[in-house]
Amino acid sequence: MSPGQLAPTPHDPDERGHFGPWGGRYMPEALIAAVDELAAFYEKARIDPEFLDEFFRLLRDYAGRPSLLTEAPKFAAHAGGARVFLKREDLNHTGSHKINNVLGQALLTKRMGKQRVIAETGAGQHGVATATACALMGLDCVIYMGEVDTERQALNVARMRLLGAEVIPVKTGSRTLKDAINEALRDWVANVDDTHYLLGTAAGPHPFPVLVRDFHRVIGIEARAQVLEQAGRLPDVVAACVGGGSNAIGIFHGFIDDPSVRLVGLEPGGDGIDTDRHGATLTVGTPGSLHGAMSYVMQDEDGQITEAHSISAGLDYPGVGPEHAHLKDTGRAEYRPVTDAEAMEAFALLSRTEGIIPAIESAHALAGALVLGRELGPEGLIVVNLSGRGDKDMDTAIKWFGLGVES
Amino acid sequence: MSRLAGVFDACRSESRAALIGYLPAGYPTLEGSKDVLRTMVSSGCDLVEVGLPYSDPVMDGPTIQKASEQALRGGFRVRDLFGVVESVAALGGRAVVMTYWNPVLKYGVDAFARDLAAAGGLGLITPDLVPDEAAEWLEASEAHDLDRIFLVAPSSTEERIDLTARSSRGFLYATSVMGVTGARDVVSSAAPALVERVREHTDLPVAVGLGVRSGAQAAELAAFADGVIVGSAFVTAVRDDTVAALTAELAEGVRQVPSRA
Ligand SMILES: Cc1ncc(COP(=O)(O)O)c(C=O)c1O
Chain A
1 MSPGQLAPTP HDPDERGHFG PWGGRYMPEA LIAAVDELAA FYEKARIDPE
51 FLDEFFRLLR DYAGRPSLLT EAPKFAAHAG GARVFLKRED LNHTGSHKIN
101 NVLGQALLTK RMGKQRVIAE TGAGQHGVAT ATACALMGLD CVIYMGEVDT
151 ERQALNVARM RLLGAEVIPV KTGSRTLKDA INEALRDWVA NVDDTHYLLG
201 TAAGPHPFPV LVRDFHRVIG IEARAQVLEQ AGRLPDVVAA CVGGGSNAIG
251 IFHGFIDDPS VRLVGLEPGG DGIDTDRHGA TLTVGTPGSL HGAMSYVMQD
301 EDGQITEAHS ISAGLDYPGV GPEHAHLKDT GRAEYRPVTD AEAMEAFALL
351 SRTEGIIPAI ESAHALAGAL VLGRELGPEG LIVVNLSGRG DKDMDTAIKW
401 FGLGVES
Chain B
1 MSRLAGVFDA CRSESRAALI GYLPAGYPTL EGSKDVLRTM VSSGCDLVEV
51 GLPYSDPVMD GPTIQKASEQ ALRGGFRVRD LFGVVESVAA LGGRAVVMTY
101 WNPVLKYGVD AFARDLAAAG GLGLITPDLV PDEAAEWLEA SEAHDLDRIF
151 LVAPSSTEER IDLTARSSRG FLYATSVMGV TGARDVVSSA APALVERVRE
201 HTDLPVAVGL GVRSGAQAAE LAAFADGVIV GSAFVTAVRD DTVAALTAEL
251 AEGVRQVPSR A
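Which chain is which? The protein sequence lines are A and B, in order. Residue numbers for the first sequence follow this note's numbering, so the first one is 1 and each next one is one higher. Residue numbers for the second sequence follow this note's numbering, so the first one is 1 and each next one is one higher.
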């Protein structure tokens, strides 16, 4: 594992967290001291050999890294014959990429001398990963989850409770991920002395976009070495789904200095971006401040944040991390929408062709790869970040495909 | 010069604190909010804060969250805000607007400042905008002669209090507790210390808010603050139809000569 994973990069934001005009801190003064403290601890930790050792040991011995890079030839036959490799974050402990960030932030929590952790969760994967790390490290854990999501991801609620976390269903606003974040922020402001807010994606106020990204950079660092070894060359495209943007930014960074590699983020297109039921923030959102940072957001003409809609709870978010806004503006990365139907088709296709059931979030990246592969043709080579496994999505799949037992 | 200096000067000359009352525009209805604000002004609020209902009010507790949701469900639009401000000014009342930053960004910072000033508003309280990110607002507020009320908190360092004080115009809003809005039983013990710290950095008036709901609490804060801010209690009073009585009680509170323990 590369010890350079947390090292400062030329792509870091300015010292107040700005990536170009994006990012920064649009948040209550009461929390500034806490994010300043977090930034100070992180700046020390990211170059401290002891912290790095501990973090990499956990990634290896607890999370199961490095994760595999698996070629998917039968799936690729449907992608214009381009070669497709899957970065298997689904094989990590707890079943998604989320564990990378959680282990890093839980270690930071310990360093800051805080005993209580709060987090938001949409699909429940970040909540499960957080509850897991808290169980491992003996931290108290409270998870905020929109009531709508507690219903569609009931299995993950049970997992979190079993792991000793308190799960609080959020009944305000749209009762999904954005409201869970609001509620976590309200908790944080009242309990900031002994509580760390373990944000689950590369969004929020500085320094979260940087530190969450860095804890996930391992994905791209591994993938680059693996694809060079297995295919003997760099990929033409790296594809990842984008909710808040953590798995995408993690794998993108492994290739960001390779100009020949296109970085493509796939957003939740819901019923289609010509309807009002989607979550394609980078494709159709407009600049605004949400949850502590300036980025693209989904909002109405009054600046009221609108609800996102996606079949995937983990992508159902009307904001996106500020570094993605910057990568979009500079043209270094491209973002495309994928509809619910396209994602579910890719979900089923990977299951049948390769024996791998992906998370519906990750299925958006797979659907993108099917299109990109046809664009590239048989000479093409694509690395897809398979950010998580699909066990949690069986209820949704049963409903979508009618997989229930015939009565 | 500050648009609000006159309010605080007048209160100071009466050896008392200013009473500052908050209400979300559009609550309970658009016309209803104008009526409630009229009662607040005529019953003794020296200044009113007109809140802009927002979809994601992270600094607000359940009472104001629900009121904002009700206003938005009732069809409240940002452009309606200026009519509400105008209704206060028309009565000779003084109004500032309290708003989360995104609706201002979306409206256009300069356009918002222009329309607020045209409606007779005197300034803006910005709970999720810190001076570090406020360059555009600093410029627009000067251009349209509006006051800028930033917040300080018990967690603010000396350096940040200094930055905030230097960036403010009119008064400073000291949040007395670490937490969101909502009436509380006891006034925070952190408030006097915070106000004292602020005074080491500035001569601007300091108003204290978060959690006040009774005349006795108002009196306690008036002993050391230049203004007492009351929000959730007014929202609750609208529901209970006791706005005039609450205003009168609080107005008496800010006029009490404190009995020092
Ligand atoms: C498996 C999986 N992939 C992706 C995401 C989306 O988050 P992000 O965009 O931060 O990677 C989630 C969020 O819950 C997830 O569970």
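Among the clues, some could well be false.
Stated by the list, open to error - Computed footprint of chain B on chain A; a stretch qualifies when at least three of its residues, placed anywhere within it, have a C-beta under 8 Å from a C-beta of chain B:
id, segment
1, 29 to 35
2, 63 to 77
3, 170 to 178
4, 278 to 292
Source of the hints: derived by calculation from the structure; they are not laboratory data. The beta carbon of each residue, even a glycine, is placed where N, CA and C say it ideally should be.
Okay, the hints, checked on the actual structure:
| no. | hint | verdict |
| --- | --- | --- |
| 1 | 29 to 35 | holds (count 6) |
| 2 | 63 to 77 | violated (count 0) |
| 3 | 170 to 178 | holds (count 3) |
| 4 | 278 to 292 | holds (count 6) |
Hint 2 alone, counting from the list given before, is not met by this structure.
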